[in-house]
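Going line by line, the protein sequences match chains A and B. Be aware that the first sequence starts at 1, since it is given in the working numbering, and climbs by one per residue. Be aware that the second sequence starts at 1, since it is given in the working numbering, and climbs by one per residue.
Some hints here could point you the wrong way.
[What the hints assert, rightly or not] In the EDC-like style, the derived pairs of lysine to aspartate or glutamate whose C-alpha atoms are separated by at most 16 Å in a straight line are:
hint : chain 1 : residue 1 : chain 2 : residue 2
1    : B       : LYS238    : A       : GLU193
2    : B       : LYS442    : B       : GLU369
3    : B       : LYS262    : B       : GLU193
4    : B       : LYS105    : B       : ASP118
5    : A       : LYS380    : A       : ASP63
6    : B       : LYS198    : A       : ASP166
7    : A       : LYS196    : B       : GLU85
8    : A       : LYS238    : B       : ASP274
9    : B       : LYS292    : A       : GLU193
10   : A       : LYS139    : A       : GLU363
11   : A       : LYS196    : B       : ASP276
12   : B       : LYS367    : B       : GLU85
13   : A       : LYS292    : B       : GLU193
14   : A       : LYS105    : A       : ASP274
15   : B       : LYS196    : A       : GLU363
16   : B       : LYS207    : B       : GLU311
17   : B       : LYS139    : B       : GLU361
18   : A       : LYS198    : B       : GLU85
19   : B       : LYS196    : A       : ASP274
20   : A       : LYS408    : A       : GLU428
If you're looking for bench data, these hints aren't it; they were derived computationally from the structure. Please read these numbers as outputs of a predicted model, since none were measured by experiment.
Number of protein chains: 2
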Amino acid sequence: MNNILVIGAGRSATALINYVLKEAAEYGWSVTVADADPELAAKKIDNHPNGRSAWLDVTKNNDRQDLISRADVVVSMLPAYLHLEVAHDCIRLKKHLITASYVSKELYQLGDEARDRDLIFMGEMGLDPGIDHMSAMQKIHEIKEQGGTITTFRSYTGGLIAPESDNNPWHYKFTWNPRNVVLAGQGTAQYLEGGKYKYIPYNRLFKRYRSINIPGMGEYEAYANRDSLLYREVYGLKGIPNILRGTIRNKGFCDAWNALVKIGLTDGSYPIHDSDKLTYLQLMEAFVSGQKEGSVREKIGTLLREEPDSEVMQKLEWLGLFRNKKIRLKNATPALILENVLLDKWKFENDDKDMILMQHEFEYEIKGEKHLTLSTLIMKGSSIDDTAMARLVGLPLGIFVKFVMLGKITATGVNIPVLPEVYNPVLEELKNFGVNFTESTKQLK
Amino acid sequence: MNNILVIGAGRSATALINYVLKEAAEYGWSVTVADADPELAAKKIDNHPNGRSAWLDVTKNNDRQDLISRADVVVSMLPAYLHLEVAHDCIRLKKHLITASYVSKELYQLGDEARDRDLIFMGEMGLDPGIDHMSAMQKIHEIKEQGGTITTFRSYTGGLIAPESDNNPWHYKFTWNPRNVVLAGQGTAQYLEGGKYKYIPYNRLFKRYRSINIPGMGEYEAYANRDSLLYREVYGLKGIPNILRGTIRNKGFCDAWNALVKIGLTDGSYPIHDSDKLTYLQLMEAFVSGQKEGSVREKIGTLLREEPDSEVMQKLEWLGLFRNKKIRLKNATPALILENVLLDKWKFENDDKDMILMQHEFEYEIKGEKHLTLSTLIMKGSSIDDTAMARLVGLPLGIFVKFVMLGKITATGVNIPVLPEVYNPVLEELKNFGVNFTESTKQLK
Numbered sequence: 001m002n003n004i005l006v007i008g009a010g011r012s013a014t015a016l017i018n019y020v021l022k023e024a025a026e027y028g029w030s031v032t033v034a035d036a037d038p039e040l041a042a043k044k045i046d047n048h049p050n051g052r053s054a055w056l057d058v059t060k061n062n063d064r065q066d067l068i069s070r071a072d073v074v075v076s077m078l079p080a081y082l083h084l085e086v087a088h089d090c091i092r093l094k095k096h097l098i099t100a101s102y103v104s105k106e107l108y109q110l111g112d113e114a115r116d117r118d119l120i121f122m123g124e125m126g127l128d129p130g131i132d133h134m135s136a137m138q139k140i141h142e143i144k145e146q147g148g149t150i151t152t153f154r155s156y157t158g159g160l161i162a163p164e165s166d167n168n169p170w171h172y173k174f175t176w177n178p179r180n181v182v183l184a185g186q187g188t189a190q191y192l193e194g195g196k197y198k199y200i201p202y203n204r205l206f207k208r209y210r211s212i213n214i215p216g217m218g219e220y221e222a223y224a225n226r227d228s229l230l231y232r233e234v235y236g237l238k239g240i241p242n243i244l245r246g247t248i249r250n251k252g253f254c255d256a257w258n259a260l261v262k263i264g265l266t267d268g269s270y271p272i273h274d275s276d277k278l279t280y281l282q283l284m285e286a287f288v289s290g291q292k293e294g295s296v297r298e299k300i301g302t303l304l305r306e307e308p309d310s311e312v313m314q315k316l317e318w319l320g321l322f323r324n325k326k327i328r329l330k331n332a333t334p335a336l337i338l339e340n341v342l343l344d345k346w347k348f349e350n351d352d353k354d355m356i357l358m359q360h361e362f363e364y365e366i367k368g369e370k371h372l373t374l375s376t377l378i379m380k381g382s383s384i385d386d387t388a389m390a391r392l393v394g395l396p397l398g399i400f401v402k403f404v405m406l407g408k409i410t411a412t413g414v415n416i417p418v419l420p421e422v423y424n425p426v427l428e429e430l431k432n433f434g435v436n437f438t439e440s441t442k443q444l445k
Numbered sequence: 001m002n003n004i005l006v007i008g009a010g011r012s013a014t015a016l017i018n019y020v021l022k023e024a025a026e027y028g029w030s031v032t033v034a035d036a037d038p039e040l041a042a043k044k045i046d047n048h049p050n051g052r053s054a055w056l057d058v059t060k061n062n063d064r065q066d067l068i069s070r071a072d073v074v075v076s077m078l079p080a081y082l083h084l085e086v087a088h089d090c091i092r093l094k095k096h097l098i099t100a101s102y103v104s105k106e107l108y109q110l111g112d113e114a115r116d117r118d119l120i121f122m123g124e125m126g127l128d129p130g131i132d133h134m135s136a137m138q139k140i141h142e143i144k145e146q147g148g149t150i151t152t153f154r155s156y157t158g159g160l161i162a163p164e165s166d167n168n169p170w171h172y173k174f175t176w177n178p179r180n181v182v183l184a185g186q187g188t189a190q191y192l193e194g195g196k197y198k199y200i201p202y203n204r205l206f207k208r209y210r211s212i213n214i215p216g217m218g219e220y221e222a223y224a225n226r227d228s229l230l231y232r233e234v235y236g237l238k239g240i241p242n243i244l245r246g247t248i249r250n251k252g253f254c255d256a257w258n259a260l261v262k263i264g265l266t267d268g269s270y271p272i273h274d275s276d277k278l279t280y281l282q283l284m285e286a287f288v289s290g291q292k293e294g295s296v297r298e299k300i301g302t303l304l305r306e307e308p309d310s311e312v313m314q315k316l317e318w319l320g321l322f323r324n325k326k327i328r329l330k331n332a333t334p335a336l337i338l339e340n341v342l343l344d345k346w347k348f349e350n351d352d353k354d355m356i357l358m359q360h361e362f363e364y365e366i367k368g369e370k371h372l373t374l375s376t377l378i379m380k381g382s383s384i385d386d387t388a389m390a391r392l393v394g395l396p397l398g399i400f401v402k403f404v405m406l407g408k409i410t411a412t413g414v415n416i417p418v419l420p421e422v423y424n425p426v427l428e429e430l431k432n433f434g435v436n437f438t439e440s441t442k443q444l445k
């Protein structure tokens, strides 16, 4: 095998592209980076002798298939809904496929065809999902090999701003897809506690956060993800009484976000009338009524049961939601208007450093003794061009590409990285890039 | 024209069928009532010499088209999503079509074809939508003819239990589709107040009810419908600063329903794990967590910020939500479980009387003077077989069928009953059935 194709050259692909170019130089491979913006692709290649850029409109079947036909391994950094077309091409043209996205039901259905052709389709090979799977599985298998029974698995991840770049009252900036942050949690969160299924509807999700302590960093908040039950079987944890996956935020975030939810600003399902003609204050006014007395700010305070100078009200104020400034977006949903506000206020500046926090909690019994192990990853980026987020999404992808290119992967079909032959070498090599989990274990009474 | 076809013989069709049979005897028409249950259809015909029943599986195109081909006017009492097939048949076979359902976009698109064939397709010809349109339009046209400018139009309707049959703490029983009651209001309510658009997200809808007074009946609660802005143009009220459509409930209902929303029991989007093995108490427990102390009931109280013996908590208690009784429904969503509880607790008994309340509020200016007119309809049913709901849905349909049969309707195309040539004779004849709006007007300062 000689040729690697990376489709998509956006910010999240930088660490991946740098990694595979370096390995390509070592092994004499050729790397093609294809993007709708050929200049962006060329910039990422940066005249590397083993790289070349290509212009690709992925909706053009012939162009896409032509590029894929000339590769051995394809990495798709496209938005998740575009993977399936690429996957069908890879089946037909007999190419391996690797992505960082959640594996859809439709993609899983290609498993037999991929296996019949000795292909590996690896999904969820980024950070979350990705490194979370690998690091959790390594520990789960280790505990089981010691004869342990796992009674609790909780796993939290957060893409945050590093403390040294944290200069706003929300203690948050966008280090990843803003749309996903605004719409996060819609639906109902499901998890297990004491052997019982628990449900948190969206309207209470950000009230029901829990406090978690990250050793060396301090207290954070975590709200439950929708999908805590998804991986029970794949992880070999069927029957476990406590399982939860959550998202980490800084203290004070959840209460303030809950206020935005309650007002109605995270709803992306309908457009605000005349949104381009309204000011932010008028938008807020549109969400209150029935109270005759007081300013819009006071009415919002009443609606939220917040004191006028509470931290939550101060955070809303800081976003400029009570200002008479025009929204200037046509036909926009509340969620889009909010996203636009946040894009400005939570802007990640060029010199900002981001920070990834990941923490697993395992409670388990071995020979009648109960233990709690915390396994914690803390990684900071150095700037907008080298975020911890892009590194931790791109490096696992790149490392896995290398192992496939070297013929070291025997698994076939559609997979996520829960097999020892995958997670052991990938986690091992990730250590060279500073991806180290710190473990602490204490005995429980 | 000689033949009327009624598709659907359910409870809501009784008053309609009785009416058209009586008129058929008068005019020598023939009425066919078709249903998937031929015995039900025969029972509704009750050996009337002008009636005959037919068995019809509406998904069978040939059978359906055969019946339609032999009719002049078709009334579809099918669930709304099935109207479109019937409408296409009516276009092809050149038949008039009348329904009580909201006119869908797809149905509106058949307007030109219907007009070209001199057919009338009349939708929204029941109670709400139906009588609400007709009674409002009659008053709106009257005010305009007097040179008035309408500044406020609010319209409320409720299908309730009559006071003499009201024997439960919710003061509500099912007199219509239970599913629609459980899912009511999901989405965002939109209306106009003081010339400004207002939005109420679902999570605050039942907190934001208003009190309304129905002359002769007393105080009720009304929550905003999703669609208050829909009819502004059709009603000729473009530019009106205040418009609201709402649903009437008895006092105390909205706070208690809000509790069900907040807990998460109105969500129909996901199944509860092992729902057939849980008790109601265990289901409630699944919606609380994080609080270590106290009973499930106490935890729910805390979540709702309700005192242990508040009216809301008593209403939940009365539903049996804190009982250790099995749910016995497989793979059920919270909304389905709730519907099932309510079907039992809010059961409409054979001798119960239902009651329809409808009230329009018009504020308008004529020659510098401001007026408020209330127009109120109160109608009670006599039993389960003769509900006010079925009468008020069926009679307008039946009366309009008669006028079409007699060739008195000149309008063609897809319509809703906002034209004087439609609403005037229908409202006039409805008076013979006790459908009388009481009007009161006072001058405003």
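Structure-based check of each hint:
1. B:LYS238 x A:GLU193: At roughly 54 Å apart (the allowed maximum being 16 Å), GLU193 of chain A and LYS238 of chain B break the hint.
2. B:LYS442 x B:GLU369: holds, 11 Å
3. B:LYS262 x B:GLU193: violated, 26 Å
4. B:LYS105 x B:ASP118: violated, 20 Å
5. A:LYS380 x A:ASP63: Violated, at about 38 Å.
6. B:LYS198 x A:ASP166: violated, 36 Å
7. A:LYS196 x B:GLU85: violated, 46 Å
8. A:LYS238 x B:ASP274: Cα-Cα ~15 Å, so holds.
9. B:LYS292 x A:GLU193: The hint holds at about 12 Å.
10. A:LYS139 x A:GLU363: holds, 11 Å
11. A:LYS196 x B:ASP276: OK: LYS196 of chain A and ASP276 of chain B at ~14 Å, within 16 Å.
12. B:LYS367 x B:GLU85: violated, 50 Å
13. A:LYS292 x B:GLU193: holds, 12 Å
14. A:LYS105 x A:ASP274: violated, 39 Å
15. B:LYS196 x A:GLU363: Violated. LYS196 of chain B to GLU363 of chain A sits at ~55 Å, over the 16 Å cutoff.
16. B:LYS207 x B:GLU311: holds, 15 Å
17. B:LYS139 x B:GLU361: holds, 10 Å
18. A:LYS198 x B:GLU85: violated, 43 Å
19. B:LYS196 x A:ASP274: holds, 10 Å
20. A:LYS408 x A:GLU428: At roughly 15 Å apart (the allowed maximum being 16 Å), GLU428 of chain A and LYS408 of chain A satisfy the hint.
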